[in-house]
Each structure stands twice: as structure tokens, then as C-alpha cells.
Amino acid sequence: MKYTKEHEWLRVEGDLVVVGITEHAATQLGDVVFVELPDTDSMVSAGDEVCVIESVKAASDILAPVDGEIVEVNEKLTDNPGLVNEDPTGAAWFFKIKVVDLSVLDEFMDEDEYAELIG
Amino acid sequence: MVPFAGYDMPVQYAAGVMKEHLHTRTAAGLFDVSHMGQVILRPRAGMAALAAAFEAMMPVDVAGLAEGRQRYGLFTSESGGILDDLMFANRGDHLFVVVNAARKGHDIPHMAAHLGAVAEVVPVTDRALLALQGPQAEAVLARLVPETAAMRFMDVGIFGDIWVSRSGYTGEDGFEISLPQARAEAFARELLAMPEVLPIGLGARDSLRLEAGLCLYGHDIDETTSPVEAGLTWAIQKVRRAGGAREGGFPGTTRILRELAEGPERCRVGLRPDGRAPMREGTDLFAPDDTPLGTVTSGGFGPSVEAPVAMGYVPRAFSAPGTALLGEVRGKKLPVTVAALPFHPTTYKR
Numbered sequence: 136m137k138y139t140k141e142h143e144w145l146r147v148e149g150d151l152v153v154v155g156i157t158e159h160a161a162t163q164l165g166d167v168v169f170v171e172l173p174d175t176d177s178m179v180s181a182g183d184e185v186c187v188i189e190s191v192k193a194a195s196d197i198l199a200p201v202d203g204e205i206v207e208v209n210e211k212l213t214d215n216p217g218l219v220n221e222d223p224t225g226a227a228w229f230f231k232i233k234v235v236d237l238s239v240l241d242e243f244m245d246e247d248e249y250a251e252l253i254g
Numbered sequence: 095m096v097p098f099a100g101y102d103m104p105v106q107y108a109a110g111v112m113k114e115h116l117h118t119r120t121a122a123g124l125f126d127v128s129h130m131g132q133v134i135l136r137p138r139a140g141m142a143a144l145a146a147a148f149e150a151m152m153p154v155d156v157a158g159l160a161e162g163r164q165r166y167g168l169f170t171s172e173s174g175g176i177l178d179d180l181m182f183a184n185r186g187d188h189l190f191v192v193v194n195a196a197r198k199g200h201d202i203p204h205m206a207a208h209l210g211a212v213a214e215v216v217p218v219t220d221r222a223l224l225a226l227q228g229p230q231a232e233a234v235l236a237r238l239v240p241e242t243a244a245m246r247f248m249d250v251g252i253f254g255d256i257w258v259s260r261s262g263y264t265g266e267d268g269f270e271i272s273l274p275q276a277r278a279e280a281f282a283r284e285l286l287a288m289p290e291v292l293p294i295g296l297g298a299r300d301s302l303r304l305e306a307g308l309c310l311y312g313h314d315i316d317e318t319t320s321p322v323e324a325g326l327t328w329a330i331q332k333v334r335r336a337g338g339a340r341e342g343g344f345p346g347t348t349r350i351l352r353e354l355a356e357g358p359e360r361c362r363v364g365l366r367p368d369g370r371a372p373m374r375e376g377t378d379l380f381a382p383d384d385t386p387l388g389t390v391t392s393g394g395f396g397p398s399v400e401a402p403v404a405m406g407y408v409p410r411a412f413s414a415p416g417t418a419l420l421g422e423v424r425g426k427k428l429p430v431t432v433a434a435l436p437f438h439p440t441t442y443k444r
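So the sequence lines, in the order shown, correspond to chains Y and W.
Convert by adding 135 to the 1-based position in the first sequence; the result is the number in my numbering.
Convert by adding 94 to the 1-based position in the second sequence; the result is the number in my numbering.
Isolated chain W, as found in the complex (with noise of 0.2 Å):
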């Protein structure tokens, strides 16, 4: 067990980090996630009102969500950092928004300072999220809840008092399901008994989402990196950009539509070292020329590669995959690559 944002958390069941991993890349896996925000978003004037004060909290299309569907989102800062990445989903009559466990306490505060007039940001403290991810999470899903068979990648749905969202962290197809807390242990267990499912700690969690190419708050974004910076401009709609019908409109527009139009001047890209020691995060990055360029923000080794992978921020010159870097690990410069990402082709049900 380790603490993780204020939670004790296991690195791994019994199964090891190296089996649970392939686990859910080949069956599936069962990760408690509770630990993350739920906040519901109640619209004191209709949802148009919310939707327009949510854009201008991100360079995102919210007023565009259809009902029933989710969305990647990111706040953003003045000076266009990014303040979180969370998911939101338009469900009729409200939103329903699920943020990173690490900034529950900047982004509920940071809601109700934006939203307050247009909505009630109400968390989400008795319910438990439930993460079921891999090719077989379909299957197993459809036993305790049939109708989330018909589902697609970011569908959200309600049944009964649980609440499904086709969507995840791993790359995988698969479903993030909140429940009533009294509820959790013994669905949890359910699934735990069918022998498709595994338990998954979080160093399956995070060798899944890297290599995935996704991004983890606080270590491959975060204050400092735009969400153009960080490659997350598909997360950037059409609509909220330079001669899109909403254009502009949330915190640090000027930095994140110049970077559209320019390109950023350092970029996040994937990293495959070339031997096979891993290059963990804060490992220096450096041209072949031993100009510094970068460092590391996220790294280990990949199961379903078979190989360490990275991912680092670089100089946008440095950036094409194929380029030839060199990453210092413990006092040696060691030959690593540039790759494109995700590592592992992704295999949501679109």
C-alpha cells in the first residue's frame, strides 16, 4: 500500500504489476478509483447558461456535448496552463464532471468560483467509482447490467442507481462505473468472482495510461505545460478556435490559439530508450550534441511493448519521431528514440 493523494492505495494485488497489466490488455481488469472527484453540475437557469460559463473555463465545446455523451476537458490557467484534465458528460438536465483525486480540493472551489452564479457544484462524496477496463469488459459488464452492451466510446448512461460511462485510462474499451458507496463492496466482489476479471493496482494503472500515451496530472501536465504543448489539441474543438463560431473565451486564449497557429515551442512526445534500462520521470534529456532539451515526465517499462517507454516535453525541433536523443541515467548518457504515441494501439469501441 502506498498513499496516493490522500488515499491508501495498492501498488499492485497479488497478481504483480507485470500480470495485471496484461491482464487487462487481454481480458479484464477491476481498478477502484474512488478516490477521484464526482461533482454534479445543476444548472440554476437552464443548461445553456452552464454550458457558456463552463467554455470560458476551458478551450473546450461544451454547449456541443449531445445529451447521454462525455468529454475530455482541461481548465486552463491565465497564462493557458493547464489547471486539471477531468471528464464531463451532458446527462439532460445536468452535467456530471470527474476530476483528478490530486486537485479535488483546487477544482471544486475553482467550479464554484466560476459557476456559481449559473449552477450548484455539488460533490459527489457517497458514491464509489469503479473502473472495468479490457477486450472482456463488455461481456462482464453485460451480466450485472445488460444495456451497457449497446454502449460506445464516451456514452454515458444511467441505470438504476449506477452510473456507466463507456471510457477509461488505459487504452483499452471498457467502462468507469459510480455506484452508492454501500453498494460498491459487493458489486465490486461480483465482478471479482467471474474469472475473466482481476484486481488491478495502480502500477498497472499507470504502465496501462503510458502506454497509452495519456497524460497523468501533475507529472506530463500541469500548470506550466499548455494543452498544446502537452499534443491534447484534438481536445481543442473546431468551435473554440481562431475563426470557430465560439472562439476564444477561457483563460490563457492569447498563449493556447498562438501555439495553434504557430506550434508550440516545446512539445510532449513518447520516447522508446534504445537499450533496456528504463528512463523514469525527471531523467535529462539531451541532443546528441549534449544540449539540454528536456526531462522526463512520465517513464518505466511497457508489458504489452515489452520495452521501457517514455514520455518527456522537447524542443518542437527535437519532436519528430525517429529523432535521436540521449536520456542521463544514473551519470550515463544512454541512447534513446523518439516514437510516435500511444505505444499500444488503443481499442476503444468508437
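Isolated chain Y, as found in the complex (with noise of 0.2 Å):
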């Protein structure tokens, strides 16, 4: 698993990469109420605003970490958004992107790089 600032984390699966929020950033966040997926098969930047969460104190959004094609969205989470706060590194994924070479996942921290950004 590789992690962003933004405190989403990546998975590899295949040619694509899975992409979540951190149990530390759903704890920030309380309780998730609203949750607006991106389309499917479309192409995004890395720094693009592609979702939208929303809890019971505010909105964020989250970023796409990388360059590619969104081709799977989690839509579970759009009918029961607590399962970002019940289970956020396993069923509450939010999209799968396709990406051209997974090289660029090298950038981002590993667990203890992570586990030292947030103290």
C-alpha cells in the first residue's frame, strides 16, 4: 500500500490502482454522510478534484493521485456512506484507476513514511 499527503491510500490490482482515504483522514473527517463518485471512463489528472465527501461537519474533496482512467467507481458508497467510517482500507475504495505505468506509485510514502507524516 502507497500513501499520499492528501491521506488516500493506493493499492495495486493488476494493471490498476485502487485508491481509498486512510482511517486516519476518515477519523478526521467523523461521520461521512454524502459521498458523489466520479463518472466512469473518464480521464483525470493527477490534482483533479474527482470526488466529493461530505461529513457530518463538512465537505472535502478527493484528489486523483494520478494521471489515467477512472473504470470503476465504488458505488456501495453512494447508498451507504458509513462504510467509509466502518471500514475505510478495505470496502470503502472509491474508484479504480487505470494508469499507464505504474512506476509513477514510486513517489508516494510507504506505511511508516506515512505513519510518520501523521504523528
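For the record, the hints were derived by calculation from the structure and aren't laboratory data.
The C-beta atom is built at its ideal place from N, Cα and C for all residues, glycine as well.
It is possible that some hints are incorrect.
Claimed, not checked - For each label pair, taking beta carbons as the anchor points, the in silico distance ranges come out as:
(1) Tyr101(W) / Asp183(Y): 54 to 60 Å
(2) Ala99(W) / Asp222(Y): 34 to 40 Å
(3) Glu148(Y) / Arg277(W): 57 to 63 Å
(4) Gly254(W) / Glu251(Y): 52 to 58 Å
Said to hold, decoys possible - So, partial list: chain W residues that the calculated Cβ filter (under 8 Å) puts toward chain Y:
(5) Val105
(6) Gly110
(7) Met112
(8) Arg370
(9) Ala371
(10) Pro372
(11) Gly394
(12) Phe395
Take the two lone chains, each set in its own frame, and fit them into one complex as the hints suggest.
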């Protein structure tokens, strides 16, 4: 698993990168009540705001971590946004993105580096 | 912690906004509301003169408030806007007033200017204020102050150095408890040690009052909104209305009595987004044909309603429950329906 400074986790699945938010991020957000997912088959660039996630406290964006094509989204989150709090690093993945070259993941933090970031 | 009216306040405690909200609706929640302004109005020459002068500040029946009772009031401006909303209680030989934290600095000089000739305006700065809210509040508080169990909604009582009113701002039965600062922490810890009680932060305080359809000053009501537009006509007793024994005589009489007779141009309404996306404060509202109508003044997710809820102002023609409108969220106009208030039924012990 790789991690971004924006508290997303990235997991490689074949030639796809699965993206979700970390437990730390889910805790900070509080109870999630709404998730807006990107359109599948859309081309995104790293840094694009692709998802909206709203908790009882506020709205936040999820950014595309890398350039690529969104090939699958987790529709379960639309009906059950609370899944983000229950299982942030498992069942509550947000989208799968197809990248040209998986080596782009090398620049992201590993678990130890991320643990250090969140203290 | 977040800054709020000059105080550092917790948005939530360990349980989080959702659990805190639901706990208050099913058991009892304890709120530290010591930031609110407590003021004593001590008459210089009798309560009648004080009541008359206080009535000259707001469209509310003060003289008719019985001893031991509390009432909701609204300071109005000459143009009929709302300067603040407040609670005031008749405690026999004086009035006890609680005003919004963010408006203390306005309200205390405002009262001193209007009441100075008939009353001493004494800010109470050495007392904390706690709110204990929820269906188990009565049983919980009775363990510490047994006399409070017999109180009804909007009764006030003095029990030693503890001042209690049976009121609150969550839509639930409950109490507001004023007590000396030096005793407050121990008292709060005693309440929190009881299994029914959880501490509740600002986040749930906001979602609870929103579900109860209650206004937050500076958001749902301010100097530009009149009490009639805000749907607070229940706070204007008949005696102060046209044909009443003490008709008018408050700031903004012309506008307020006109709006009572003819209806206001715009109204505060409840709003239920059709989808799951919350419509927060500042969301612009449109008619189905895209005509701009107004904005959301409070909005978020209602944990008891299990859906997003909001309040805002729209022209009267669009204010009937069931009216289909649009709210613009992140550039998209989403369907939202006007709904009756409150969103969650109130359970005051009348």
C-alpha cells in the first residue's frame, strides 16, 4: 500500500490502482453522510478533484493521485456512505484508475513514511 | 476545538457528532453553554415599569409573563429586523435574561440604553451555564436537584445557588442550569458520571437545533430578517398585535404589523434535498425555471431524520410545503422540496 499527502491510500490490483482514504482521514472527517463518485471512463489528471465526500462536519474533495482513466467506482458508497468510517481501507475504496505506467507509484509514501506524517 | 464568539469550543467530543446527536435524542446530552450572556435586570421602581420599558424593545408580551415563567423574546430594530433573540424569565423581583454569545457586546449596552432609567442592567459574569437535554434529562437532574422534576416547559426555579429553567435549544425536553463558576466543573462531572449522560459539542448542538427548526442568530435571523419573515409570529403575542391592549410600540412596529396583516414577501422555510447531498449555508435556491429565489441559511445532515435538512428564505409564493425547488451544489442544480418545520417532532414537557 502507498499513501499520499492528502491521506489517500493506493493499492495495486493488476494494472489498476485502487484509491481510498486512510483510517486517519476517516477519523478526522467524522461521520460520512454523502459521497459523490466520478464518472467511469473519465480521463483524469493528478490533482483533479474527482470525488466529494461530506461528513456531518464539512465537505472535502478527493484528488486523483495520478493521471489515468477511472474504470470503476464503488457504487456501494452512494447508498451507504457510512462504510467510509466502518472500513476505510477495505470495503470503502472509492475508485479504480488505469495508469500507463505503475512506476508512478514509486514517488508516494510507504506505510512507515505515512505513519511518520500523521505522527 | 474551533473559535466561536470569542471562545474555544469543541465541535465534538470522543463519540463524534452523529452519536452525540442521537444520544441526546434517546438519553441525555450535556452542553457547556457558558459562553452565552446571562444578565439580570433589577428594577429601580417596580417590575411594571421594567416590563413596560422591555416591551418597548420587542414585540413580545413581557407584562403578562407570570412569576416563575420564561419566554422567548426578540430585540427588533426600527426597520423591523431582528437584533437578537433571547430568553427572559420573571423571577419575582427581577428579570433574568439569556442572550447569544456573539451578541452580548451589542445587547448589554442596548439594554442599558433602553432600560437604564427603570432598571439596573447587571451582566452575570461569575456563573457557568449548562444545558442538559433529552428524554432522560429529568431523571438525571432529579438525582442532584430533586425539585426540578416537577417543573414544566419554560418554568424557572431557584434551588439554592442553582438557577434552572426547563428549556433548551434541541427540540427535546431538558433544562438549562446556571450555577457559580467555582461549582460548575464538579457539577458537570457528576452529571457526566451518570450512564445516561454524554458530553455534546457544537456540531451536534447545531444539527439538533436545525432538526427542531430553531433559528441560529447571524444565520437564519439577523438585522435584515423580520420576525414575521422568520416565521417567529408565535413569539408575538396577541396583546402586542393590531387590536391588542398593548398594540405596537416596539421598534419596527410599522413593518411587523403590516407583515402580520398582509403576509411577508419572503418566508423562512424548511428544505429537504431530494438526494443525499447536504445543502449547506449559502446554497442558492432557484425555481424550477431557474429564477433565483433565495439562499439556504442553515443546512447539513440530520442524524435523526437520516437525511440532509436545511432552512432558507424564499418568496411567499414558493413557501408551501411540497413546493419543488432547486438548490445549486458545486455548480449543479439539484432538486429540493419545501418541508414543514420542525423536521423532527419536539418533545417539550408542557
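Quiz item: Honestly, which of those hints from before does the structure not fit?
Solution: As far as the earlier hints go, only 1 is violated by this structure.
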